[in-house]
Amino acid sequence: MGWWMMWLLCAWGAAWSKTLRGGFVSSATRMEPWRPVVRFQFRGDHAVLCVRITNVAAAVTKEARLHLFQAQEWQKLQNHIQDHSCTEKFSKAQLTMTVNHTEQNLTVSQIPYPETWYVFYVDKFTCEENYSESEDIQFEMVLLNPDAEGNPLDHFSAGESGLHEFYFLLVLAYFVTACIYAQSLWQTIKKHGPMHTVLKVLSIALLLQAGSAFANYMHFSSYSKDGIGAPFMGSLAELCDIVSQIQMLYLLLSLCMGWTIGRMKKSHSRPLQWDSTPTSTGIAVVVVVTQSFLLIWEQFEDTNHHSYHSHHSLASGLLIGLRVCLGLSLAAGLYQIITVERSTLKREFYITFAKACILWFLCHPCLATVSVIFREYQREKKRISKHHLCLWNCMGGELQV
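Those letters in the sequence shown? Residues -17 to -1, 1 to 384, by mature numbering (1 follows the signal peptide of the UniProt record, and there is no 0).
No lab work stands behind these hints, which were simulated from the structure alone.
Check the hints yourself; a few may be wrong.
Here are the simulated distance ranges between beta carbons [claimed, not checked]:
id	residue 1	residue 2	range
1	F357	I172	35 to 43 Å
2	L297	I266	19 to 27 Å
3	Q61	F276	27 to 35 Å
Within a straight-line C-alpha distance of at most 16 Å, the following computed EDC-like cross-link-like pairs (lysine to aspartate or glutamate) qualify [to be verified]:
id	residue 1	residue 2
4	K75	E56
5	K208	E148
6	K107	E46
7	K208	D130
8	K59	E71
9	K107	E118
10	K107	E15
11	K107	D119
12	K107	E71
Cβ coordinates follow ideal geometry from the N, Cα and C atoms, glycine included.
Work out the full structure: start from the sequences and follow the hints.
Encoded structure:
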């Protein structure tokens, strides 16, 4: 059972880094031969898969091999899994490397465009019914793409390349903007004007987004050196993003449900003054709990540590649907508020805030739809960069207030 857990941890590690350490366990591969050790988006003509093992004798005895499949070819085999035996299926691998030396390199070349590859461990017991206990093979696997000079030294996959530089520029932009606007924004908040609570909640949400960007930058800075990074910082970035979304959800509900923003005496310990009716409180609790549950579910279904996921899972689909409904509800609620609001200042604020908030909640569904036209390795970068630009527009809307 312990070795089975080690194999699962190896597979889990594939989502965290592209430098993997663990053990090749024959019993685990027999139980789940179609579970890849790692997936990686190779690019260029000199990408390299490097494997180091400590027990060469055990690897030779078990006829240990690594089989590499292109994602499209692997998907075709999965769709016709009953038409091929276990051995036939692995024999169709595009690349195969026999593991029989302390250190080996496999060059992946002639790639017309970046594509995802799956790496599987196979030995003589994988497809056999009879199995005898054997020694496990401790390994370290490093996956590298060519850098700007063509040397295989880049730990980033094709879908991650450029994100390190992007987050650096994003953090720099947040810092410069904070230096320019922080003092005037703080003075506005201290005045306790009619939009005091809204500005506080929105400011906290944007600070959390800035914190998420900084944590991602720290993770990618470490990742660029060793291919492992700082998983804690990646998780912290996701946590900041989730809390930020929930903060925005509180704000959205306060407007859609018709809660007052400035006329009632606020409690300094609570982010918003909730309406006291059981109906409005019940709706608020249900929506917040639902969004929180879907966000956490999405993290478990897609273990890649980045703030925005592939939207292929059921949780992601439901989350997109919820965001669309919330955005439309916000638009309807604010339209009613704007039509009856007599104060010019508040009306202008509601219009500006409505644009920013609707953009905040609808940018995810829109980007998920638009990203379908791009290749797989481009989708992640497009979603992340465009999403942060949307948040930048939201911050601009706040500063205009």
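Looking back at the hints listed earlier, which ones does the structure fail to meet?
No hint contradicted; all consistent.
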